[in-house]
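J.: Protein chains in written order, with the numbering used here: chain G, 26 to 302; chain X, 92 to 524; chain S, 17 to 200.
What the hints contain is simulated information worked out from the structure, not anything from laboratory work. Be a bit skeptical, because a hint or two may be false.
As the list claims (entries may be wrong) - With beta-carbon atoms standing in for the labels, derived distance ranges:
(1) X:264 to G:176: 32 to 42 angstroms
(2) X:417 to S:24: 52 to 62 angstroms
(3) X:112 to S:28: 32 to 42 angstroms
To be verified - Far from chain G by the CB rule (all over 12 angstroms, computed), these chain X residues:
(4) 116
(5) 119
(6) 228
(7) 256
(8) 266
(9) 287
(10) 303
(11) 306
(12) 319
(13) 396
(14) 491
(15) 503
What the hints assert, rightly or not - For lysine-lysine, the following BS3-like pairs were computed, each having C-alpha atoms within a straight-line distance of at most 27 angstroms:
(16) G:295 to X:322
(17) G:143 to S:61
(18) G:272 to S:61
(19) S:197 to G:113
(20) G:272 to G:74
(21) G:74 to G:113
(22) S:61 to G:71
(23) X:320 to G:293
(24) S:197 to S:61
(25) G:74 to S:61
(26) G:113 to S:88
(27) G:71 to G:113
(28) G:293 to X:322
(29) X:322 to G:294
(30) X:320 to G:294
(31) G:143 to G:74
(32) X:212 to X:322
A virtual CB, placed ideally from N, CA and C, is assigned to each residue, including glycine.
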Amino acid sequence: MKSTFIKIAAVATLACTFAVGSVSAADYPKKKPREQSWSFSGPLGKFDKGQLQRGLQVYTEVCSACHSLNLLSYRNLADLGYSDDQIKNYAAEYEVQDGPNDDGEMFERPARPADRFKGPYANDKEAAAANNGALPPDFSLLAKARAPERGFPTFIFDIFTMYAENGPDYIHSLLTGYQDPPEGTEVGDGLHYNPYFAAGEALAMGPPLSDELVDYTDGSPMTVEQYSKDVTAFMAWAADPQLEERKQRGFIVILFLLVFAGLLYFTKKKVWSDLSH
Amino acid sequence: MSGHSTYNPTSGFGKWMDARLPLARLMHDSFVSYPVPRNLNAFYTFGGILMIMLVSQIITGIVIAMHYVPDANVAFESVHLLRRDVSYGGTLQSWHAVGASLFFFAVYIHIFRGLYYGSYKAPREILWILGVVIFLLMMATAFMGYVLPWGQMSFWGAQVITGFFSAIPLVGETVREYLLGGYSVGNATLNRFFSLHYLLPFMIAGIVILHVWALHVTGQTNPTGVEVKSKQDVIPFTPYATVKDALALVVFMIIMAYFVFYMPDYLGHADNYIPANSNVTPAHIVPEWYFLPFYAILRAVDFNIGIPFTEIVLIDSKLGGVLAMFGSIAILFLVPWLDTSSVRSSNYRPTYKVFFWLFVVNSIFLGYLGSRPAAGIWIPLMKGSTFLYFAHFLLVMPLLGFFEKPLPRPASITDAVLGKDGKETAAAPVAAE
Amino acid sequence: MSDHNSGDATRRDFLYIATGAAGVAAVGGIVWPLVSQMGPNEREKAAGAPIEVNIGDIEEGRVITVTWRGNKYFIRHLTADEVEAAGAKEQSDFRDFVAAADRITGPEGGDAVWSVYGANCTHLGCIPTEVKENGDTWNCPCHGSRFDVTGRVTKGPAPVNLPQPPMVFASEETLIIGTDKAGA
Numbered sequence: 026m027k028s029t030f031i032k033i034a035a036v037a038t039l040a041c042t043f044a045v046g047s048v049s050a051a052d053y054p055k056k057k058p059r060e061q062s063w064s065f066s067g068p069l070g071k072f073d074k075g076q077l078q079r080g081l082q083v084y085t086e087v088c089s090a091c092h093s094l095n096l097l098s099y100r101n102l103a104d105l106g107y108s109d110d111q112i113k114n115y116a117a118e119y120e121v122q123d124g125p126n127d128d129g130e131m132f133e134r135p136a137r138p139a140d141r142f143k144g145p146y147a148n149d150k151e152a153a154a155a156n157n158g159a160l161p162p163d164f165s166l167l168a169k170a171r172a173p174e175r176g177f178p179t180f181i182f183d184i185f186t187m188y189a190e191n192g193p194d195y196i197h198s199l200l201t202g203y204q205d206p207p208e209g210t211e212v213g214d215g216l217h218y219n220p221y222f223a224a225g226e227a228l229a230m231g232p233p234l235s236d237e238l239v240d241y242t243d244g245s246p247m248t249v250e251q252y253s254k255d256v257t258a259f260m261a262w263a264a265d266p267q268l269e270e271r272k273q274r275g276f277i278v279i280l281f282l283l284v285f286a287g288l289l290y291f292t293k294k295k296v297w298s299d300l301s302h
Numbered sequence: 092m093s094g095h096s097t098y099n100p101t102s103g104f105g106k107w108m109d110a111r112l113p114l115a116r117l118m119h120d121s122f123v124s125y126p127v128p129r130n131l132n133a134f135y136t137f138g139g140i141l142m143i144m145l146v147s148q149i150i151t152g153i154v155i156a157m158h159y160v161p162d163a164n165v166a167f168e169s170v171h172l173l174r175r176d177v178s179y180g181g182t183l184q185s186w187h188a189v190g191a192s193l194f195f196f197a198v199y200i201h202i203f204r205g206l207y208y209g210s211y212k213a214p215r216e217i218l219w220i221l222g223v224v225i226f227l228l229m230m231a232t233a234f235m236g237y238v239l240p241w242g243q244m245s246f247w248g249a250q251v252i253t254g255f256f257s258a259i260p261l262v263g264e265t266v267r268e269y270l271l272g273g274y275s276v277g278n279a280t281l282n283r284f285f286s287l288h289y290l291l292p293f294m295i296a297g298i299v300i301l302h303v304w305a306l307h308v309t310g311q312t313n314p315t316g317v318e319v320k321s322k323q324d325v326i327p328f329t330p331y332a333t334v335k336d337a338l339a340l341v342v343f344m345i346i347m348a349y350f351v352f353y354m355p356d357y358l359g360h361a362d363n364y365i366p367a368n369s370n371v372t373p374a375h376i377v378p379e380w381y382f383l384p385f386y387a388i389l390r391a392v393d394f395n396i397g398i399p400f401t402e403i404v405l406i407d408s409k410l411g412g413v414l415a416m417f418g419s420i421a422i423l424f425l426v427p428w429l430d431t432s433s434v435r436s437s438n439y440r441p442t443y444k445v446f447f448w449l450f451v452v453n454s455i456f457l458g459y460l461g462s463r464p465a466a467g468i469w470i471p472l473m474k475g476s477t478f479l480y481f482a483h484f485l486l487v488m489p490l491l492g493f494f495e496k497p498l499p500r501p502a503s504i505t506d507a508v509l510g511k512d513g514k515e516t517a518a519a520p521v522a523a524e
Numbered sequence: 017m018s019d020h021n022s023g024d025a026t027r028r029d030f031l032y033i034a035t036g037a038a039g040v041a042a043v044g045g046i047v048w049p050l051v052s053q054m055g056p057n058e059r060e061k062a063a064g065a066p067i068e069v070n071i072g073d074i075e076e077g078r079v080i081t082v083t084w085r086g087n088k089y090f091i092r093h094l095t096a097d098e099v100e101a102a103g104a105k106e107q108s109d110f111r112d113f114v115a116a117a118d119r120i121t122g123p124e125g126g127d128a129v130w131s132v133y134g135a136n137c138t139h140l141g142c143i144p145t146e147v148k149e150n151g152d153t154w155n156c157p158c159h160g161s162r163f164d165v166t167g168r169v170t171k172g173p174a175p176v177n178l179p180q181p182p183m184v185f186a187s188e189e190t191l192i193i194g195t196d197k198a199g200a
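So here's chain G without its partners, still in its complex pose (with noise of 0.2 angstroms):
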């Protein structure tokens, strides 16, 4: 019986590893992401507030001006390190539409903390028109949202290796992954070959990220590397904003499960011990 319960439980394991989240291994991308050390990663990851405030600044001096960041507020700043004062000054740079006024017309304000952030575009057609046609997606959910297949085995060992640092690498690896296609390869009008890219050989952004683009003040190495893990971790804290606490609740949790159950095993092994003669 012993045998056959862990023949069972093992089975049981591959029953639900063998199936999840497996898509079909597409012919894209065309080069796995390559995979990152980050800070939040492991069952105590935290996030690093410097980087973070770094990745703000590409975001806000880079990519805003085509991705918006539609469900985080500028409160939400508050995670970063930001004080209040600092945090109103960032949101009043942006004018937002409120109203109707007492006259019924709506107007323009500065931003306050309890506004969403405001998007680069009034709506997605207006986003994708300026931008022959591509929408940029926005970014609050996309560290979550790309994913690429991890593929059998390895997406077994990724529940033991608590690995879930899947879309920040891939984002780190396509930012910083542009290349010039292979002989051979013609990419279309307007599209910029990326092997790292999930739907295609190419993409319609080009490469945002270059060296000395954005001014750092804290001495942190102005390249290409660096702007592209900050944005990352900034766009892994913007997906999942309560990832540290979810992590130290579950420490905690499972650690009292833990203790719970081996009091629950003496307590059953006591309580049976009664049976046996």
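Please arrange chains X and S on chain G, whose structure you already have, making use of the hints.
T.: Chains X and S in isolation, oriented as in the chain G frame:
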């Protein structure tokens, strides 16, 4: 084993109440003095786990419904604002979503346990059938729940699944329109799915009560497959089964907590983090993992069935796939009558045991195939695997009963337990009949 | 039960109690999030930030209604007569007496002619309408509570005066409701 009730109220109020509404007596007889076979193994704890999972899903569901808005324009956003802005919202939402996955994980173990130990055989046919009904309702509930976050997979899942109904000859399209509340998946669809997603769990709970009732009439099976014969064969539910079930539940919760807190997205699909968009179909639509075997069966039928040598089509490929898929579940209803063997537990059926494990492996493989694209090598594999699935029920189960030579079974549960130094090696029977 | 010596029994009792306590803790840990999620969420809290009201346009004797955290507040610009009449009333006229001066305020260096208070009756929450009878200014249509011009209850079932929100004058023209700290 509905024996004599041993409930004995001591307090004045207890007696007064017992004479009017013997609720305490019912609880006592069902969960305290209720006799269970003494040799139940860990797989028999999943019934209790499932009961708690149902309660857990209902409670977390009611709670997150306080924040969810079933409107196509804001549904997606409301889920994410729940996760971001509500106190413990992220945990509760994950607990509900991961909970659905683990609910199915537990129910599959429960079903396979029933198949292995012959829990469907007389006199437990109704118990088994109620279980299959619960399984069907669970599938409907889970599907509609998955639509509610209104991401890309939600939307296109709804599109595909409601498409099943358009396969019904003549009235199919009309049936689909009535399901959708429109000509396409839209706001009306979302609203009614929310309503039904809220309703169905309570229907499940109702049938679970019948399921438990039926169980308590016939009593549990046990790994030997031998019915309870004497008082020595059984132990009272409390404290023995209670504490064992509690231990199993906490271990199960550890697994669940691991996913909820550390890998909340692992069991879901990344595309559902993109808001529903009726213009763009995701590159690969796949259902949640627990539906994948059935999805593979659906796609295995890519041919019309007609009268040979003519061009008359009786069942086109679309209807054929849908019939095969529903048939793969409906066939479970017939299992009590398809299995012709007089031996209950597979421990004493050496040949069937092999087929059983083949069936398990094949089911898992079907799940893997369900995640593959319907192209190339995968199509013949889907067909072969689907054939094996049905062959298990339609060929192995009926025929093996006539050919198989079962091993000798123990005379009683007590013999099986005490004859082997307390070690659980039920595979080694003690006494022949 | 077989024979246990007392040491065994104690250990067993301890085990059972510890397990039971862990079970209780588990239930508590489950119930807490379920209760906690009922409270106002972060969006509500952020949307409940203090509001700025331009009071420069409110003429003497007029009242406006503003909304803070979804609740209505009256901002009343009192006439000199009203200020005087309110101050002249006696303690016996009121159920929940406070001096009129505590209910009338004004910007630093400006006249104390403003009375600001919640617009929901302290009985069961209806919004009073204006009347001019017996020195009362507000009548609650639901159950007949009466309030004077500064929102103090004079009769009816309402137990206490209409509450004053936290507020501060940012300037002669601007009143901030929702905080009593200037500059916040």
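J.: For residue 228 of chain X, is the shortest beta carbon distance to chain G beyond 12 angstroms?
T.: 21 angstroms, holds
J.: Assess, step by step, whether the Cα of residue 272 of chain G is no farther than 27 angstroms from the Cα of residue 61 of chain S, and give holds or violated.
T.: 25 angstroms, holds
J.: Are residue 74 of chain G and residue 113 of chain G close enough, with their CA atoms no more than 27 angstroms apart?
T.: 19 angstroms, holds
J.: Are residue 197 of chain S and residue 61 of chain S close enough, with their CA atoms no more than 27 angstroms apart?
T.: 18 angstroms, holds
J.: Verify that the Cβ of residue 119 of chain X lies farther than 12 angstroms from every Cβ atom of chain G, and report whether the claim holds or is violated.
T.: Nearest chain G Cβ is 18 angstroms from residue 119 of chain X, so the label holds.
J.: For residue 113 of chain G and residue 88 of chain S, compute the direct alpha-carbon distance and say whether it is at most 27 angstroms.
T.: 26 angstroms, holds
J.: At 12 angstroms, judged by beta carbons, does residue 256 of chain X keep clear of chain G as stated?
T.: Nearest chain G Cβ is 25 angstroms from residue 256 of chain X, so the label holds.
J.: Checking one constraint from the list: CA of residue 143 of chain G to CA of residue 74 of chain G, max 27 angstroms. Satisfied?
T.: Given pair residue 143 of chain G, residue 74 of chain G holds - Cα atoms ~22 angstroms apart, limit 27 angstroms.
J.: Find the nearest Cβ of chain G to the Cβ of residue 491 of chain X and say whether that gap is larger than 12 angstroms.
T.: Non-interface label stands for residue 491 of chain X: nearest chain G Cβ at 19 angstroms, farther than 12 angstroms.
J.: Test the statement that residue 503 of chain X is away from the interface with chain G: the closest C-beta pair must be farther apart than 12 angstroms.
T.: 16 angstroms, holds
J.: Non-interface claim for residue 396 of chain X: all C-beta distances to chain G beyond 12 angstroms?
T.: It holds; residue 396 of chain X is separated from chain G by about 27 angstroms at its closest Cβ, greater than 12 angstroms.
J.: Is the nearest CB of chain G more than 12 angstroms from the CB of residue 306 of chain X?
T.: 22 angstroms, holds
When held up to the earlier numbered hints, the structure conflicts with none and fits them all.
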